[in-house]
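Undergrad: Next come the chains, spelled out residue by residue.
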Amino acid sequence: MTPGLAGFVAAGDDAATWDDVTVGVLAALEQGFTVVPEHSGAAGAARRRTWFDTFDWRLYRADLILSYESGHRGGELRLSNLSTPSSPSSPSSPASPTSLTRPISRARLTSLRNATPATAPAAPAATEIVQPVTGWQASRPHGPQDLPDGAIAARVARLLAPRVLLPMVTVATVTAVTKLLNEDGKIVARLRVERPVITGVAALPPRLTITEVRGYPGQARRAARIVSLVAGVLPATEPLFADALRVLGRRPGDYSNKVDAKITAGMPATEAVAAILLRLLDTIEANVPGTIRDLDTEFLHDLRVSVRRTRSALKLFGDVLTRPPAAKKNGLTEDDVARFAAEFKWVGDLTTPTRDLDVHLLDFEETAQTLRAAKPDDLEPFRAYLKQRRTKEYRALARGLRSPRFVSLLQNWRAALTKIQDNSKSAKAGTTARSGQSGRTAGETAGTLAAERTRRAFAKVAKRGVAITPASPHDSLHDLRKRCKELRYALEFFAPLYDPVAYGKVLSDLKRLQDCLGEFQDTEVQIGEIRGLATSMLAAGEAPAVTLLAMGEVTAGLAARQQLARADFERRFAAFADVDGQRRMSVLLRGGAA
Amino acid sequence: MRIYATYNIKGGVGKTTTAVNLAYLAATETGLRTVLWDLDPQGAASFMFRVKPRVKGGGRALIRGTRALDDAIKGTDFDNLDLIPADFTYRNMDLLLDSARNGGSGAPGGKPARKLSKLLAPLAAEYDAVFLDCPPSISLVSENVLHAADVIVVPLIPTTLSVRTLDQLTEFVSGFNGHRPDVVAFFSMVDRRKTLHRDITENLSSERKDVAATVIPALSLVEKMSVERAPVTVFAPRSSAARAYRALWSEIRARGD
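These protein sequence lines map, in sequence, to chains D and B.
One rule links them: number in my numbering = place in the first sequence (from 1) + 492.
One rule links them: number in my numbering = place in the second sequence (from 1) + 70.
Since no wrong hints were added, every one of them can be taken at face value.
Straight line, CA to CA, 16 Å or less: simulated EDC-like cross-link-like pairs of lysine to aspartate or glutamate:
(1) B/122 to D/675
(2) D/974 to D/1007
(3) B/122 to D/676
(4) B/188 to B/213
(5) B/80 to B/213
(6) D/884 to D/786
A few chain B residues facing chain D, derived, Cβ under 10 Å:
(7) 119
(8) 120
(9) 121
(10) 122
(11) 141
(12) 142
(13) 143
(14) 144
(15) 145
(16) 146
(17) 147
(18) 152
(19) 153
(20) 155
(21) 299
Derived by calculation from the structure, the hints in this document are not laboratory data.
Note that the structure is a prediction, hence the values are computed from the model and not measured.
Every residue, glycine too, gets a C-beta built ideally from N, C-alpha and C.
Working from the sequences, and respecting the hints, build out all of it.
TA: Structure below.
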């Protein structure tokens, strides 16, 4: 038996059905036990639980659930494993029909309360950590620094950074506990019926849990068996917070910045391109509110990446949107596409200053620790200046993102792409109706487009990379980096069309080359920025000599890193684009075009 | 973890009712994680908590260590309070404990009089308080209990002989090497209408430090525990009996501080 699972859920969609199910459960249990309502403890008490995760579900993706529950004596944070048991008060685990909640031994709970990552047991059953917390507000975002010192912070802080925890959903639950007595009148198990409600939105199906009394596992199993056989009782296969999110039209893990548009090799190229661009637009839009609220730096980062991908996509295959007959029907001309591309460049430029300053600030601690001659504290005026500049740049960014220009750009872009997609689908449907065939598409398909454009992007990378010698100017490497990004995006856009193994091989070599080129260019950009900032600080009278010296040391460190990256380039490029690399790309694209 | 033992050589003086009530108060009102071990083969404490007086493998398995004490624990109906039930085989516990001395298979290794201490040691991770309800006897079991306990709670019937018994016990314990438990006696089943009871309780409580000021009166509610099968504080929380046990528990705790 798997210990400590949540139990059951009542089937049906309405309160009357749910009540019938719980009445049926009690009637069934009366056949095997004396059934007595419990009027103390959690019985009848309403409690509010809020689940927290980052916008991109870092905890959920790491198989973790973090929730907060307020109580009379302060609040409590609870971190548990998604796939392992939790205590009765956190009915958030999947269940099997005969599952029940086993009391965790007090020794184990104690050890968990005091656990640190170094000492926490690795066994899955030992992953529930409960920790008291004060001053935590269920309705507000919380940074990792808001977590109280202890086992939870030790477990998740590094995983979260630089993201904040957001309240995902709050559920108020009223619990009724029923004691199950044996022939001696002894409590041998309990039935907990939890009625969760998303206040002001909807009630959720009741959850029924059999909890074990220590030393009476057989009786609890018997009770669980009885419950499982009652009509309308289903095993609880999803955590409560997943139920709650579904009511809100969401699901755990529903945000990712990946380009995972639903495309197939056989679909019309126009439709595939529109689907990819719409997916990118979804990501841009999803990140706008968080960027405007300045919740954490990753909103802006993801927004920028999606804008950059959009611009690359337009460059790589924007012409597909303007080709007749699509252009005729869709009304997009080359000028339209060029105008959208220019507008997205404007968005990119709008976001650059804030992001550049974010990068400096995010790396600040690490950079300060690398100083040898200067002291980390010497850099503090620099940090203060960066923050001040960041505040100013962020205001300009937020104004831009709230501006009619930006709002109408997204609206018009969505309208145009949706129209293209709809027209493509109706055209396909018409063709199918006329020909009587399905699954065949006239004109260019996503597969052929992917192969052709990716091959072209690869050829550019190969050609320009080969031309680079140790004497080449820096700009040639910067240009190659841009071409590599385009190739990377091309590969990612059409990833669903490729063999995953071949795709993985090509991408991992490309990533290494990009890392090398990124290090080479980013360090150069940062050196330039630090020089500019030093000049500005000096002009503003905010640059103590020790700070300028420390900044100088930082730039020296960056220059050393740039040299290392430059020295590594030939090896990285060869690994990606030599004869074997070309063969790997060829294999990938042949498979993709199929 | 603090270990309390209710002990008296005589039977019928209120050891079990004391252990049951104090353990209940420790768990539910003081909030200590508590376990009560019913060492009396008659199983009265187990009966009070409606737990069947049975341990898989019997006393032998526990003493030999083939079954961990942890496995024998039963949850009671009350928060924070668990029970290790009695078993009829406990009547032979003396022999099991003694077999260590004889090189037998009963208690492998260690001194026979300290075996119980060793068995209880692992519970420290899980419990704040352990109550041992002892059978009435002078035996190796009681010697083990006296060695294991931090506090020996001795219910006394207000008679001259009872006082003599207390003296004997105190003297016996004072001869221990190393760890010596505190001995706290109190008068139990006191009938205020009896002059002898009044005299003895009033005089001794004031004269002797090892006798608590609290007395537990002879009340029918205490007798009723075996009918209700629950601590008196559960079914008569505001009764004078409940008040008396609260006062006793408070006094015993205060002595430990």
